[in-house]
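Trainee: Residues per chain, in single letters:
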Amino acid sequence: MESSMYLPEASLDAWLAELASSHELIVPRREGDAIVFGPYDPSVSPDISRDATAPPKSSVFPACEEIMRYTSVKDTDDLSKTLVHMEEVMPSGSRVVFGARPCGTRGFTVYDRVFDAPAMHDPYYVARRQSTLFVTLACSEAGSACFCHWVGSGPADASGSDVLLVPVKGGWLAEGVSDKGRELLSSPLLTPGEKYAGEAKAAKAKAMESLDSAADLKPAPEALLAVFDDMEFWNRMSAKCISCGACTYLCPTCYCFNITDENKGMEGSRLRTWDNCMSFQFTLEASGHNPRPTKAHRLKNRVGHKFSYYPGLHGGAIACCGCGRCIKSCPAGVDIRQIVLAAMDRAKASRQGNTTGEHA
Amino acid sequence: MQPLEDLKAAIKEALPGLDFVIGWENGWNPLLATPLFMYSPEDVDKLTWGPFNVNNPATYLSGLKGKKIGVVVKGCDSRSVVQLLQEKLIRREDLTLFGMPCTGVVDATKIARKVGDLGMISGAKRTNGTLSVTTHEGSVDIPWEEAAADKCLSCQYPNAIISDHFKGDPLPPTLGRDPAAEQLAALEALAPAELFAHWKDAMDRCIRCYACRNACPMCVCRDHCIAQTRDPHWLSQDDTVKEKLMFQMIHSLHLAGRCTECGECQRACPVDIPILALRRKLNSVVKNLFDYQAGVDPSAVPPLFTFQVEEAKINERGW
Amino acid sequence: MSCSVNPYLPDMATVLETVQETPNIKTFRVRLDNPDRMAAFTFQPGQVGQLTSFGAGESTFVINSPPTRMDYLQFSVMRAGEVTSSLHGLKAGDKVGVRAPLGNHFPYESMKGKDVVFIGGGIGMAPLRTLLLFMLDNRKDYGSISLLYGARSPEDMAFRGELPEWLSRSDLNTVLTIDREAPGWEHRVGLIPNVLREMAPKAENCVAITCGPPIMIKFTLQALKELGFADDQIVTTLEKRMKCGVGLCGRCNIGGKYVCVDGPVFTYAQLKELPNEL
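Chains as they are written, first to last, in the working numbering: chain A, 1 to 360; chain B, 1 to 319; chain C, 1 to 278.
Here are the simulated lysine-lysine pairs, BS3-like style, with alpha carbons at most 27 angstroms apart: (1) A/K74 x C/K91; (2) B/K200 x A/K264; (3) C/K272 x C/K202; (4) B/K12 x B/K68; (5) B/K114 x A/K169; (6) C/K218 x C/K240; (7) C/K240 x C/K272; (8) C/K272 x C/K225; (9) C/K240 x C/K225; (10) C/K114 x C/K202; (11) C/K114 x C/K225; (12) C/K140 x C/K202; (13) A/K348 x B/K46; (14) C/K272 x C/K114; (15) A/K201 x A/K169; (16) A/K348 x C/K272; (17) B/K67 x B/K12; (18) B/K125 x B/K114; (19) B/K68 x B/K167; (20) C/K91 x A/K264; (21) C/K91 x A/K81; (22) B/K281 x B/K110; (23) A/K206 x A/K169; (24) A/K195 x A/K206; (25) A/K264 x B/K242; (26) C/K272 x A/K218; (27) B/K125 x B/K46; (28) A/K81 x A/K264; (29) B/K114 x A/K206.
Reference excerpt, derived from the structure (chain A facing chain B, CB under 10 angstroms, subset only): (30) D51; (31) N263; (32) T273; (33) K328.
Away from chain C, derived, C-beta distances all over 12 angstroms, residues of chain A: (34) D13; (35) V36; (36) S140; (37) K201; (38) K218; (39) D335.
What the hints contain is simulated information worked out from the structure, not anything from laboratory work.
A virtual CB, placed ideally from N, CA and C, is assigned to each residue, including glycine.
Next up, chain A with everything else stripped away, as it sits in the complex (with noise of 0.2 angstroms):
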């Protein structure tokens, strides 16, 4: 099979049908204002005319998933004991995502560091992670909150995708990426592609040039370690942070959960749930000491784990995709680009002021 195939757009429709017939398709669609992804609809085409509102992170990484069943019953040979019985429930099925942007898809690409890693194999991401397949959109143009060439990527980047679908004249060149991929690339909707390589390579040169230079993120690991007690510069990076969600649920590679049980009279459920480390709630114990009281160290902590600790820990990746969901959802226009220069601004001048300190 070839590894690129034209894809037109006339077609397309089409081939979500039959890529629906066999998996569970998940698509970009519009809701209200928001573009957010769901469950395919043949009766309405995805919307795809920007990236999505929210990314595909649910698809693999729920918002709310059930990781086990209790039921409380008695005990009949003693019936002043209550016996629980206990149920696994693993996530099933195969998936099909249609329509993120490489930002979005290369997001899960963090998650398998942690979540699918020798030390750790957390069986619920790694079971959706398997079974689903990601038909990622390469962008024509950058908007002004993008910057995936900051954290090392572009508009093209396939990692994380099986296929990568490049715009072309009247359609879109199909990358086959993954052998998976591959496969979803037989079905004679598709025509060989091979003379559109040339305007598909064209078109990933001219959205990489829409994007301003890169911002150097090198010093950025140390340079958050360098002002994690210079509580005046995080009180001040944080102060029109209103703490809400926004950009943790928004964002591709955020991936704080809590797990609580919920109690329906004798049964219940065990639920997985994101979680928001800009919340007051999420850390503090129960003697009523919290670690992070303040959105300042909330702040401090989101910015230092995607550009510092995930960095450390995983061979200098970043743990951010620069898809700019963060900035644009902000209901207060927090810019983390801004804070991570600062931040870097910050460990300089004050590296040089100790330096010429110790001439002094």
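Keeping the supplied structure of chain A fixed, place chains B and C upon it in accordance with the hints.
Mentor: This is chains B and C only, laid out in the frame that chain A set:
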């Protein structure tokens, strides 16, 4: 703009006696200014005023107890300040209020309907009745009525209700349409099953980020909100529409007769759920029962902060 | 990983016995219901487990019985929040979930041949107990062993059933202290750091293991420094809010270190390397 320069001068003069002053500066996008915390005269030079100053700075006030704060307010923002003062959640002596007449702010969601991705906007300018928005595809002229926040089209309070430093000539109320009232009327006209279907559909995409709550200047439980507590355990972590709508009901009820309809809850919603209608509905009930509007009279007692043995419009025994 | 294939799924276990240690501390002895799982269960002193009270959820507690005594796993629970309150309502025969062992352990191997001084305050005695009993069960491997255990009042002292034995052993120097005089109290009165100064353990070839409330730790560290203990001769355990216990959920990290997998045991030297967010 002379009034803005006068305002900056007044802020610079007051700054030494204050911890900081909250206003707006240019944001990541030409359409969206962002809250500015001014600590130094250089910070004050960044202050902007105009149609992109959407955020309500009163949202920060209840979290800044004990500090001496300056706040630049639009008329609608000042209503939130007044209501917070009425409820004794902030102290007047801790506040220095700066104001200018406001001719309305944009609604980014409405503009996104016209131009698509807000990230592609490279310029925005208002000239009288038109908002010109520039993208890489060119320039789009949007009539102001179609770009402005609903609340601005029939704004009754374009000038700060209370202020210490007001620069510029006060403006008369705006006598335009009230699209939010039209939307509420349309919802009220629905049969219960249709109405429930509307909310079920809308709340389905809620991601439970609670931006609606945290953006609300009157939402003061903040770190201890029942949405996330286990004791009381009013809401489950199960992400059903029922739980999500339940939170909206709790939020709206807590705001009955307190909500100044600044619209921050709906604006903050990252997935654009039109939740302001719920607050408007409860406010209209309070208006009908008690003839009260939140945040317009610093000396008034909010109706749910007091009671009368015989309420004039609550029929308790006549049936 | 020695817990089940699914690291989130607890083992079903039965409470064998409970001991009301103090008005707010209750000890649970539990055994995994699956005999094979119980027989295969191994852990190292200092490792923790997540206890489930079904319906209330999970919380983290150190396994305070030593690995040398595997008839049951013992956890001591101070009542503070929802899960601990729910656990306090359990009695012998009730079911709990156990996810264990999790986290790192005390450096008992590198402590062989050294003197050891245990300094425990309140519920902080629980993690010390597992190592203390482990060392007593391997007594010849260690030099002199001292225990300084303090609580606010005699009623707040846990493990009271075991104290007479600890006090009477000739191979263990046990000192008990309470904050203020109380009728019938025959031991020391005074704050732990002050009593420690009076005990004056020799720092040379000695390791101090300390656990207790933050304020006690702060002043105990000062006293240990005065006594000449180097940062890597002081070992403590940290407590953080935890959910997953496997280094993912994002609550217990201090910078890049996750207390649930990289801890809870740290030397003071290691703690000083961490960002300041305790």
